[in-house]
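S.K.: Take a look at the letters that make up each chain.
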Amino acid sequence: MLIKLAWRNIWRNKKRSLITISAIFIAVFLCVLLRALQLGLYDNMINNVVGSYSGYIQIHSKGFWDEQIVDNSFSPDKDFLNEIESIDGVSNTLQRIQSGSLASSSDLSKFVFVTGIEPLKESSLTNWEKRLIKGQLLKEESKSLNVGKGVAKYFDLKIGDTLVLLGQGYHGMQAAGAYPVSGILDLKNPTLNKISVFMTLPQAQDFLSAQNMITHLILNKKENKDEDAIALDIKNLINDEVYEVMTWREMIPELEQTIKADSAGGLIMVFILYMIVTFGIFGTVLMMTQERKYEFGVLISIGMKKIRLIKTMIYETVLLASVGAILGIALSRPVIIFLSPIKFPKEQAQMFENLGFEAVIPLMNTYDIPLTHGFIIFFISLIVCLYPLSVIIKLDPIKAMKI
Amino acid sequence: MNVIETKNLKKIYSQGEIKVNALNDVSINFKQGEFTAIVGPSGSGKTTFLNTLGGLDKPTFGNVMIDNLDITKLKANKIIDFRLRNIGFVFQSYNLIPVLTAKENIEFIMLMQGYSKEKRNKRALELLDAVGLSKESKRRPGQLSGGQQQRVAVARALASKPKFILADEPTANLDSSSTKNLLDIMYDLNRKEKMTFIFSTHDQRVIDRAKRVITLEDGKILSDKIT
Ligand SMILES: Nc1ncnc2c1ncn2[C@@H]1O[C@H](COP(=O)(O)OP(=O)(O)O)[C@@H](O)[C@H]1O
Ligand SMILES: [Mg+2]
Numbered sequence: 001m002l003i004k005l006a007w008r009n010i011w012r013n014k015k016r017s018l019i020t021i022s023a024i025f026i027a028v029f030l031c032v033l034l035r036a037l038q039l040g041l042y043d044n045m046i047n048n049v050v051g052s053y054s055g056y057i058q059i060h061s062k063g064f065w066d067e068q069i070v071d072n073s074f075s076p077d078k079d080f081l082n083e084i085e086s087i088d089g090v091s092n093t094l095q096r097i098q099s100g101s102l103a104s105s106s107d108l109s110k111f112v113f114v115t116g117i118e119p120l121k122e123s124s125l126t127n128w129e130k131r132l133i134k135g136q137l138l139k140e141e142s143k144s145l146n147v148g149k150g151v152a153k154y155f156d157l158k159i160g161d162t163l164v165l166l167g168q169g170y171h172g173m174q175a176a177g178a179y180p181v182s183g184i185l186d187l188k189n190p191t192l193n194k195i196s197v198f199m200t201l202p203q204a205q206d207f208l209s210a211q212n213m214i215t216h217l218i219l220n221k222k223e224n225k226d227e228d229a230i231a232l233d234i235k236n237l238i239n240d241e242v243y244e245v246m247t248w249r250e251m252i253p254e255l256e257q258t259i260k261a262d263s264a265g266g267l268i269m270v271f272i273l274y275m276i277v278t279f280g281i282f283g284t285v286l287m288m289t290q291e292r293k294y295e296f297g298v299l300i301s302i303g304m305k306k307i308r309l310i311k312t313m314i315y316e317t318v319l320l321a322s323v324g325a326i327l328g329i330a331l332s333r334p335v336i337i338f339l340s341p342i343k344f345p346k347e348q349a350q351m352f353e354n355l356g357f358e359a360v361i362p363l364m365n366t367y368d369i370p371l372t373h374g375f376i377i378f379f380i381s382l383i384v385c386l387y388p389l390s391v392i393i394k395l396d397p398i399k400a401m402k403i
Numbered sequence: 001m002n003v004i005e006t007k008n009l010k011k012i013y014s015q016g017e018i019k020v021n022a023l024n025d026v027s028i029n030f031k032q033g034e035f036t037a038i039v040g041p042s043g044s045g046k047t048t049f050l051n052t053l054g055g056l057d058k059p060t061f062g063n064v065m066i067d068n069l070d071i072t073k074l075k076a077n078k079i080i081d082f083r084l085r086n087i088g089f090v091f092q093s094y095n096l097i098p099v100l101t102a103k104e105n106i107e108f109i110m111l112m113q114g115y116s117k118e119k120r121n122k123r124a125l126e127l128l129d130a131v132g133l134s135k136e137s138k139r140r141p142g143q144l145s146g147g148q149q150q151r152v153a154v155a156r157a158l159a160s161k162p163k164f165i166l167a168d169e170p171t172a173n174l175d176s177s178s179t180k181n182l183l184d185i186m187y188d189l190n191r192k193e194k195m196t197f198i199f200s201t202h203d204q205r206v207i208d209r210a211k212r213v214i215t216l217e218d219g220k221i222l223s224d225k226i227t
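So the sequences go chain by chain: A and B.
Anchor point for the first sequence: position 380 equals 380 in the numbering used here, and the numbering is continuous, going up by one each time.
Anchor point for the second sequence: position 108 equals 108 in the numbering used here, and the numbering is continuous, going up by one each time.
Same shape as in the complex, but just chain A:
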């Protein structure tokens, strides 16, 4: 009956309640949409940069990150790999060996990174099919090279042309070889495009005289698992005197900073919207409380305990806020599903791709965004309740009933 009472009290002033509910609805709706768009954008950025190349987590030989040379490599055995793959949240692993080399063709030469990959496994991380713009992708037994389109452009390489690679192998060994180019890739990242040369892992190990050695062990995570937690599990499992475990946050801090800065902007918007909501709810509750002082006096006179009265006011406020919040959440969902993914018009799409991002933003369609905002509204309405609470506690029924 207290809830019934609260519900009917809300509709005593229909116009005011509707305005308040609409304000809350619009704010929640916009907040959820805004955050879905932002978080979707970040997720997409991370997927593009992290998911497609660096992986969420990497294991190196200790010291490799600071001095990226083949000497800082390691040889993972089966047990080690099994152990890593059995950690909760790790979906699979892939191995790479990478070393800087001098590439030359005709009379041009240029510094590149030669990366030995496991073509089959690598495709679980990188969408190679989509990246190929000419020729053929590497296969397990290929003896040829795939090069970034920037490299191809520099040397004016065509499929079948030969690239000569010169570098330093494991323990100071001379690394040299000439390989045909079998495919040209667009890695969706201008820097990577200009410096990437790929061959199969065994061939790279051969080229660098580093049998069974790798520089990177890259871990894919299962969806919705937290990479920091996984990294911690790994750190606890392996000898950190020998290995280093890094997440993308440590490897590409710029990306995280960009996201954080942008996210902060979004959060300010959200904050402003919530300020509006807070004042909206507060204004309504203020009026509701003021015009009902007399009634409170009556209720206390006939024996309603103040705590009960406070409870009904809390019910009223929370109900009012919830109706708006639930509407906002409920309606934002189909809109998000309808809008997602957002595709950009051609020119803008091109701009995005030049920056190394896919020009498609899938909106983040999780339950925790609406839940968070629902919770915030709930919390705001509770805080607003402090006002009627203080009025009721101080209320003297005789004074309140004297008009």
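Everything labelled a hint here was simulated from the structure, so no lab data went into it.
Incorrect hints may appear among the rest.
[As the list claims (entries may be wrong)] Computed cross-link-like contacts, SDA-like style, restricted to lysine to any residue with a CA-CA straight-line distance of at most 25 Å: (1) LYS399/A with LYS138/B; (2) LYS117/B with LYS293/A; (3) LYS117/B with LYS161/B; (4) LYS192/B with ASN2/B; (5) LYS138/B with MET1/A; (6) LYS293/A with MET65/B; (7) LYS306/A with ARG85/B; (8) LYS305/A with ASN68/B; (9) LYS402/A with LEU74/B; (10) LYS306/A with ASN2/B.
Here the structure is a predicted model, which is why all the values come from computation and not from measurement.
Chain B with the ligands: place on chain A using the hints.
M.R.: Then chain B with the ligands, alone, in the frame of chain A:
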């Protein structure tokens, strides 16, 4: 048996330099089953007296004993609960909860007392019948006349099975036929159910129906007559 005893009640309101003796040394007893009018000109202290009897106001001096419990010594929270369980109130301006129906207004007080839904329902219907408003049970106060609202208020006051009902000028806003109707109902309840009523008024027709008339003037008892 005395249901209420007051001893040397004083209520002094001070507004700056000026002190008003709203109650001046009032010692008086009320017995179970009385039907008493408190009369006197405006400003004589009727409201202050009833508020003090009902524990809404604390006297500056003196005590109010209800069934031998001194309610002036009760803490703020306790006194509210005491009112709920022992005292029925009827106000001049009805003061029903506007968003609840007539029946719900009556049930509300029983809800606070912790009655089960069935009991609430049964008693609310009985009380509506007693005040002659069975047909209006689903109407809200706004859809009832003043006289009907005041009858609901009497039913609400009765719902908690109080020791007595205090009514401050219950008929002041009513026309003469509603006044008569309300008094008939109160009189009947007093006769049949031995409900104690203490009401203030300055309406001669209401005074004529009372069994005991206490006259106040300047916060003092001028006369106390049993008719
Ligand atoms: N809150 C108050 N502050 C100051 N004086 C008051 C207050 N309430 C009542 N009084 C004074 O006390 C006296 C008695 O008032 P009241 O009990 O309301 O009389 P009645 O109900 O008989 O008209 C009046 O002189 C009134 O002005
Ligand atoms: Mg009065």
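S.K.: Tell me the hint numbers this structure goes against, listed in increasing order.
M.R.: The structure conflicts with hints 1, 2, 6, 10, although it agrees with all the remaining ones.
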